[in-house]
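Asker: The residues making up each chain are set out below.
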Amino acid sequence: MSDVSKTIEEINQKINDGSVCVVTAEEMIKIVKEKGKKIAANEVDVVTTGTFGAMCGSGAFLNFGHADPPIKMEHLWLNDVHAYHGNAAVDAYIGATRLSNRESDRGEFYGGGHVIEDLVARRIIHLKGTAYATDCYPRTYIETDFTIEDLNQAILCNPRNGYQRYNSATNSTKRTLYTYMGKLLPEFGNATFSGAGELSPLQKDPTCRTIGIGTRIFLGGGTGYVMGEGTQHNPNNDFRTLFLKGNMKEMSSEFLKGAYFTKYGCSLYVGFGIPIPILDEHLAESCARTNEQIMTQVVDYGVPRRTRPKILDVSYADLYSGEIRINGKDVKVSSLSSVRKARQIAGLLKDRIKKGKFYLTNPVATLPDDTEFKPMKVRSEVKFVDSIIKTAVTCNVKDDIKYVANLLLKKNTNHIIVIDEKNKLKGFLTSFDIARGVAKGLNLVKDMMMKKVFTTSPNMTVAEARRIMAHKDVNSLPVIDKNNRVLGIITAEDLLRMSKH
Amino acid sequence: MGILDLTFPRNEFKGLDDYEKIINHILKLDVPFTILKFNLNESGIAVKLDVPTEKVSQVTQTLEKAGIKIKRQVIEIDEELCIDCGQCIALCNTGALCFDEDSKLKFCEDKCVGCHLCVDACPRQAIKY
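Line by line, the protein sequences are chains A and B. One point on numbering: in the numbering used here, the residue at position 217 of the first sequence is 217, and numbering is uninterrupted. Count along the second sequence from 1, then add 1000; that gives the number in the numbering used here.
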């Protein structure tokens, strides 16, 4: 058998005459396993993919048409959710993460993602708009109800969707965290992840050979297109993203669902799928990548910094098993994306292609492969505790008063941290505590020390540490790691010295 | 917080001292708790406790072994709203929430202890009680 080489035109011809062979990404894995990539590439023409997850980078352009007298809306609200207007008179952009007004009776669980779901579900939307009057747009206020049918255009337009990779999230701290990765219980109580693993579009054509500007896709139940690379597209690090658009009037609320993540905010669950043409063996091989071969990393969201520490590398097979092992402990892990919906999307797209209702496209241009994802440029860097930490004067719980009194004088300090043999924090002593100890006739550190100690960690901002000191009325904070080991100390004097005023 | 509605059945206890048994069972677990309500009625000693949400299943299991009846405030899944993402599954300590073979969310009511840890984790607000 010679090397397989097909073109999009040949595949479309097969779609036209009904001889096309389309399989889902999950089916392709089995075919390649049984028959090998060469035969699979020969037999299979298209592999369909699917994903259904919360995609905050979603939104929609809407055109309302003109009222009489006309208005150029300066501010407008759709079901009490502020939409953006900064373009032509009656166009607006509703973003998925925008929350409804605080005073709205829709409550805090409602936002832009829900407006988009309500629109495609053909529900009635309330519009309120205000404006400054001009000679051409004299109206200053408008209030009305409409459905998607009343709009001229409703275009889903998502600047950043379909991440190639997602990190898995967990939480090392002692409190529950509420994040865009869901609810994370304290002390590695659980982990979450996103993406559809072996069904994910960008995992099946990881270098975007066949996905580019103009690629026709399944989007929200209707047809959509890739407009280009998404924001933060970072091919060097395998963090590609896509900029998608599609006609919302053809879409279904089955595949666009508003979401609210407690104490984080709103988003939109978006279902989309990309057909991958099997032009040669290489694409057959990449389309057969399994959950075992698709890797990601578990990172600690307990560190609220731009770069969060990696805990371990895992495969999607590990994640789908429902349990991963972190520091010798079994941690339950669950998905934020729906595999069931992803599978449904891959199946629907397969049906549409087989029935000749969906043709494949050659990209007009490929996506750039040299963009990078840079951090924000900021004028003044935020200072963290680790930048002002200094060595702490410490003593042991078993030491006596004479020793610590001498220590105070010798080290010329007011703060002594009490530790055990393993350098773990046990208590705190100030000169006041020692004076009080003398007055009461106490002899041992463990009887004089304060046992309730307010602490900080190297990754806390200096502003936050300053807030704790002011709030708890203390002059210094021991800096500890997550195992309660003492790393050093920060004092109010250091903070004063730091501030310019 | 997790609210536990406990009853120590009338036929099981001999005197008011048995009330201490409930408390002692929990004290052994080293879990902070608040007694919200305590009364004596025809069914027995009724106690309402507030324990940390993540400890509810541990406390429930211990007390049930000691013969204490627990009125569970089990959750309900609104299937219209649920999108089968499964975020709730890892928050469930008792296996009451899981996927069936089609990756559809399955809720086993008899396993639910009513800890409500999953409730505010649902991005669709589909979990109610």
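A couple of the hints might just be wrong.
[Stated by the list, open to error] Below, simulated BS3-like cross-link-like pairs (lysine-lysine); rule was C-alpha separation at most 25 angstroms, straight line:
(1) B/Lys-1065 - A/Lys-30
(2) A/Lys-174 - B/Lys-1104
(3) B/Lys-1055 - A/Lys-329
(4) A/Lys-390 - A/Lys-422
(5) A/Lys-332 - B/Lys-1037
(6) A/Lys-355 - A/Lys-30
(7) A/Lys-332 - B/Lys-1128
(8) B/Lys-1065 - A/Lys-482
(9) A/Lys-440 - A/Lys-410
(10) A/Lys-174 - A/Lys-128
(11) A/Lys-6 - A/Lys-355
(12) B/Lys-1111 - A/Lys-332
(13) B/Lys-1037 - A/Lys-174
(14) B/Lys-1021 - A/Lys-332
(15) B/Lys-1021 - B/Lys-1037
(16) A/Lys-263 - B/Lys-1065
(17) B/Lys-1069 - A/Lys-332
(18) B/Lys-1065 - B/Lys-1055
(19) B/Lys-1069 - B/Lys-1055
(20) A/Lys-440 - A/Lys-452
(21) B/Lys-1028 - A/Lys-263
(22) A/Lys-398 - A/Lys-424
Honestly, the hints are just simulated from the structure, not real lab data. Note that the structure is a prediction, hence the values are computed from the model and not measured.
Asker: Enumerate the violated hints, using their earlier numbering and listing them in ascending order.
Answerer: 1, 2, 5, 8, 10, 13, 14, 16, 17, 21
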